[in-house]
Amino acid sequence: GDSVTQMEGPVTLSEEAFLTINCTYTATGYPSLFWYVQYPGEGLQLLLKATKADDKGSNKGFEATYRKETTSFHLEKGSVQVSDSAVYFCALSVPNQGGKLIFGQGTELSVKP
Amino acid sequence: GAVVSQHPSRVICKSGTSVKIECRSLDFQATTMFWYRQFPKQSLMLMATSNEGSKATYEQGVEKDKFLINHASLTLSTLTVTSAHPEDSSFYICSARGQTAYEQYFGPGTRLTVT
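Chains as they are written, first to last, in my numbering: chain A, 1 to 113; chain B, 1 to 115.
Calculated directly from the structure, the hints in this document are not laboratory data.
Each hint should be verified, as a subset may be incorrect.
What the hints assert, rightly or not - One side only, chain A facing chain B, incomplete, derived with CB under 10 Å: (1) Q45; (2) G106; (3) E108; (4) S110; (5) V111.
Source: prediction; values computed, not measured.
Using N, Cα and C, we set each Cβ at its ideal position, and we do this for glycine too.
Put together the whole structure using the sequences plus the hints.
Structural data, given as C-alpha cells:
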C-alpha cells in the first residue's frame with residue numbers, strides 16, 4: 001500500500017544551521033507530495049507542495065524537490081531559526097482518492113539559540 | 001486563507017459517555033472533510049472521509065458505530081465518540097478539502113481525555 005517514511009527525530013540544531021529532513025514514499029500512480037508543519041499546540045499548516053516529478057516546492061526558506069527516480073521529497077532549509085522549532089510531516093495524496101492524505105510519522109525539530 | 005475551526009478544543013468526559021466534536025469551515029464550503037486521530041509524538045491516522053449529504057467512508061479498523069460522523073452541511077462535520085473509554089483518549093483533528101483535490105486545511109484539533 002501507499003506509505004511515507006520520514007527520518008526519526010528529534011532533530012536538534014543550532015540556530016543558522018543547515019536542515020535536512022529525509023522523506024521517502026511508496027505509491028501507486030503519481031502522487032502529490034506535501035510538507036506540513038505543526039507548531040506546539042497548533043494544528044497542521046501546509047508548508048509546501050509539489051504535484052509532479054522534478055517540481056520544487058518552496059516557502060519561508062524551506063525547499064523540497066519531488067524526485068521520482070529516488071521516490072523522495074527531502075525537506076531542506078539553509079539557515080534555521082528558533083521559530084522553526086516544530087514537528088514536520090511529509091505526506092502524499094494519491095490521485096482519484098478524493099484528496100486523502102497519507103502522513104509520515106513526523107520529525108520533531110528543535111532549534112537552539 | 002481558508003480557516004477551519006474545531007470545537008471544543010479540549011474535553012474531559014467520563015467513561016461510558018458520548019462526546020461530540022464539531023469541525024467547521026469558516027470562509028469556504030467543503031464538500032469533503034477528513035477526520036484524523038493523532039497519538040502523542042506520532043503521526044496522523046486517517047479515520048474517515050466525510051462527504052456532505054452522504055455516509056462517511058471509514059478506514060479499515062475504525063469502528064463506524066463507535067465514531068459517528070455526520071456531515072450535515074457544506075460547512076459543518078461532526079464526530080461523535082460514543083460510549084467513550086480511556087483508550088479513546090487522543091487528539092482528534094479534522095481537515096476540510098478546498099477547491100482542488102490537494103488543498104486541505106486543518107483544524108487546530110480537539111484533545112479528548114476519557115477518565
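Hints, one by one, checked against the model:
With 10 Å as the threshold, the beta carbon of Q45(A) comes within range of chain B, its nearest partner Cβ sitting at about 7 Å, so the hint holds. This hint holds: G106(A) has a C-beta 5 Å from the nearest C-beta of chain B, less than the 10 Å allowed. Proximity of E108(A) to chain B holds as hinted, the smallest CB-CB distance being about 7 Å (cut-off 10 Å). Violation of the interface hint for S110(A) is found here, the shortest Cβ-Cβ separation to chain B being roughly 13 Å, above the 10 Å cut-off.
Below 10 Å, beta-carbon pairs count as interface contacts, and V111(A) has none with chain B, the closest being about 18 Å; its hint is therefore violated.
Comparing the model with each numbered hint stated earlier shows that hints 4, 5 do not hold.
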